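Number of protein chains: 2
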Amino acid sequence: MIYLYLVIEFHNPMRKIFRSDQVTRRDFVGGSLSALGIASVFPASGRTQAFTSAGPQSLTVGEIIDTILKNIPVDPLRETVDTLKAGTPDMVCTGIVSTMFATVEVIRKTILLKSNFIIAHEPTFYNHLDETGWLEGDKVYEFKKNLLNQNNIAVWRFHDYIHRHQPDGVRMGVLTKLGWESYYDANSPRIVTLPATPLKYLISHVKNKLGISKVRYIGDQSQLCRRIALMPGASGGRSHIQLIQEERPDVLICGEVAEWETSEYIRDTRSMGTPRSLIVLGHAQSEEPGMDWVVPWLQPKVPGIKVTHIASDNPFSFS
Amino acid sequence: MIYLYLVIEFHNPMRKIFRSDQVTRRDFVGGSLSALGIASVFPASGRTQAFTSAGPQSLTVGEIIDTILKNIPVDPLRETVDTLKAGTPDMVCTGIVSTMFATVEVIRKTILLKSNFIIAHEPTFYNHLDETGWLEGDKVYEFKKNLLNQNNIAVWRFHDYIHRHQPDGVRMGVLTKLGWESYYDANSPRIVTLPATPLKYLISHVKNKLGISKVRYIGDQSQLCRRIALMPGASGGRSHIQLIQEERPDVLICGEVAEWETSEYIRDTRSMGTPRSLIVLGHAQSEEPGMDWVVPWLQPKVPGIKVTHIASDNPFSFS
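Same order as they appear, the protein sequences are chains A and B.
The opening residue of the first sequence carries number 23 in my numbering; numbering runs sequentially from there.
The opening residue of the second sequence carries number 23 in my numbering; numbering runs sequentially from there.
These are calculated hints, taken from the structure and not from any lab test.
Computed from a predicted structure; not experimentally measured.
Only true hints are included.
A pair counts as met if it fits within one copy or between any two copies, since identical chains are not told apart.
Listed next, the in silico BS3-like pairs over lysine-lysine satisfying Cα-Cα at most 30 Å (straight line):
| id | residue 1 | residue 2 |
| --- | --- | --- |
| 1 | K236 | K199 |
| 2 | K161 | K222 |
| 3 | K222 | K236 |
Next comes chain A alone, as it looks inside the complex (with noise of 0.2 Å):
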């Protein structure tokens, strides 16, 4: 069984950065993001009297937002899912915690830091829109929606932009776990060009670099690779299939495959007696380094605000 999925475009002009209902500052002014320019959206001044006694280094985490979204050389997206799940953008941060997840642990760890806002890459509410209507009366969403109001904790996602910022965040920082910092090549940002590498031993080197017990893959493990195209998440297998039409990999790593789409298309590949192999390392641990990538990179734009990344990890065992 499949259900039909269809990759629509992010041009819904009713899809602002922040939901209206979360925009909840008085003096707030109203508007979206592209109309306004991002610099104006939340002015230091506008932050609630309540938090103002937190200092004058204090941002919110509105101010926060701002000041990562004007590190990203892109014109604001007219829609994006860059927008905050929960707390409101006139919070004062207390701190700031990046992760994959936004995970039931992760904001227990968050609570523990005494942190008060979660930057992370992928949706709260299991699924890409963090749609939750369907979920209104569910108990895990309601927990978890409780949790965070509970606690005063801000969930904003940060994966449209940092995937636009150049270089792509989470890129950057999967290269630089892997110790590829230096293969990168801004004309084919996608592509690693190795020394010959036995897939063998470039599974290892990936499990072992990125904390990863046990990988899928697809191919002959005695396999010489040199040309590695590197996609981590799940960018669809019509995105990875074009890839491979253009670069003509040894190999492809990526985070998650839809199982009707890429895989099969490698193993009719293999078939045909083209060599070209797959591994498929796991979503969360594919991009968990582009969410460390972001504490050397926002710490310095956010003076007196504590940066710290809480690994959201694999949710998966193997028996």
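Since the structure of chain A is provided, determine the placement of chain B on it from the hints.
Same frame as chain A, now just chain B:
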């Protein structure tokens, strides 16, 4: 990175049971299946002259599809992925192969069997709708298309209709293979209630019975499981979560998940103290018994034509 997916309904009236470019028979009466009624789509008199030497017991691909659809007690679907992916309805069938994926290997085995009609549960060309425009010129696509065309192999997808058979043919195949057919409850078909079984033994059982070398799971191996939610294939996070809301199972066994959906929901479920587990079998092997179920179901309906199941197997290794 996640691409945005939306679940949409199968209600585009432009999609027919056969792609129009595949209906080449001169006397084919034309029109949609729902307008004509299934029985009239492929009258027995319609086979092409070239194939009439196959004898009085012969059936065309179109007649076999008609026979299958007549035995599924639902109104014709206005939109379906159950279309011909290769070949034409007027080809006289020399033998049927049922499988999960019409891989290059399965096609080669079909040729060796001197069969010419593959009935596959999942896509042939690496996307759910088997759209091929974006694959024109792709070496793997062209190789597979030529292999099919040069050997006069027809491929038809049997997905939406087999799941609508009463009971669902894939489900019954999987239950039978698991030795759980006596637990089937038509009032709650997705739930199996077993004697209390530790998760560890449940995992061993499904691996042994389905011939799976390794599964991914989330849970405590000592957890006692009674209520099993069984969802072969990849029906999507929302359907998994809604089933859990309705049925409160101890464990969900499914074929495939999107890793930002079901697995994160289960991870948070466990963090709030609810002992609910997840076993992810792998898509191909989770539904392959359904295509084995096709053989005894279809064979009596097509006398004189050999029906053979060929497992397409799991493409992945683990390291």
